[in-house]
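S.K.: Let the sequences and hints guide you as you build the complete structure.
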Amino acid sequence: LATAKRLNQTVANVFREEQVYRIDHYLGKETVQNILVLRFGNSMFEPLWNRNYIDNVQITVAEEVIVGRRADYYDRSGVLRDMFQNHILQLMMVTAMECPVKFDADSVRNEKVKVLQAVRKLSQIELAECGVRGQYHGYLEEQGVAPESPTETFAAIKLHVDNWRWKGVPFYLRSGKGMSCRTTQIVIEFKEPPHTLFTSGQPQANRLVIQIQPAEGLQIHFESKVPDAGMKTRQSQLDFRFDRHAKLPDAYQRLLQDVMQGDASLFARSDEVECAWGIIDPIISGWRSEFATPVRSYSLGSWGPTESSDWIARDGRCWFDVCPVLK
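In my numbering, the protein residues as written are 55 to 381.
It should be emphasised that the hints constitute simulated quantities derived from the structure, not laboratory data. Check each hint, because a few of them may be wrong.
[As the list claims (entries may be wrong)] Straight line, CA to CA, 25 Å or less: simulated SDA-like cross-link-like pairs of lysine to any residue: (1) 156 / 314; (2) 212 / 314; (3) 168 / 328.
M.R.: What follows is the structure in structure tokens.
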């Protein structure tokens, strides 16, 4: 946070805020932009987009690759600085923000900042225990990694956005290297119906899966009747891939075009960056404190430490581990 403030002040000494474009290429992806249209351009989703209907939100950024030639940088940064402070919190903001009064840079970014400002503050002990951290087998043998390095290559954390829309809805965020596959997904998991009419076993949760990579698109999970089986139900899916309807531009292509047109809607503002670090820095400090849970090992090609599944199970929930849903 202190470094971000110094950099912002250095830039502000030379440029006005509206002249600065802080790029996060995730915001240039078509599916991320489509979240705003999905929510605020359709009457069928937004009425359900709140604590009354949503049980939890899961955001996963999984990478198959290991640190490789970036080991020296990565060992000084770790997964929280590398992925959470920027990409994952950006996805969380777009998912959780309120509808802006109009689609311009200040209106959009004002609402995004409000999400971060509403994230619940945690005590030192809560910060140390707010998630699971892991390191893949073989990380310590990577060239450039310090002996006995405690750097996390995997992390899962839980945040709460304490406002009218999201009070009581946990946001589970996770990312890791050496995972089962490369995928980025936002999973909106809905609450169970208030009354179970069909007694054909435990129904699975309704979900909206927003897949950002590798293929970009949506998948809706819902219960449907099994043909010729009385009233037995099963889970079905509806798939939508954006690239089957149009050629998708490269993320940087869109962002560079916006820079030339002077549109900063898809770029981070200085207060946004500082708020993000204000959330991540305390977690990093908590994980370096005497109260911190240990770094867990996990196998390459897995979904991270088994403790991650145990951790979310204590909330009565489980990770949505489909890799990927759209191919």
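S.K.: A separate judgement is required for each hint: does it hold in the structure or not?
M.R.: Evaluation of the provided hints:
1. 156 / 314: Since the Cα atoms of residue 156 and residue 314 sit roughly 21 Å apart, the hinted pair holds (cutoff 25 Å).
2. 212 / 314: Roughly 38 Å between the alpha carbons, so the hint for residue 212 and residue 314 is violated.
3. 168 / 328: holds (13 Å)
The structure fails hint 2 only (numbered hints given earlier).
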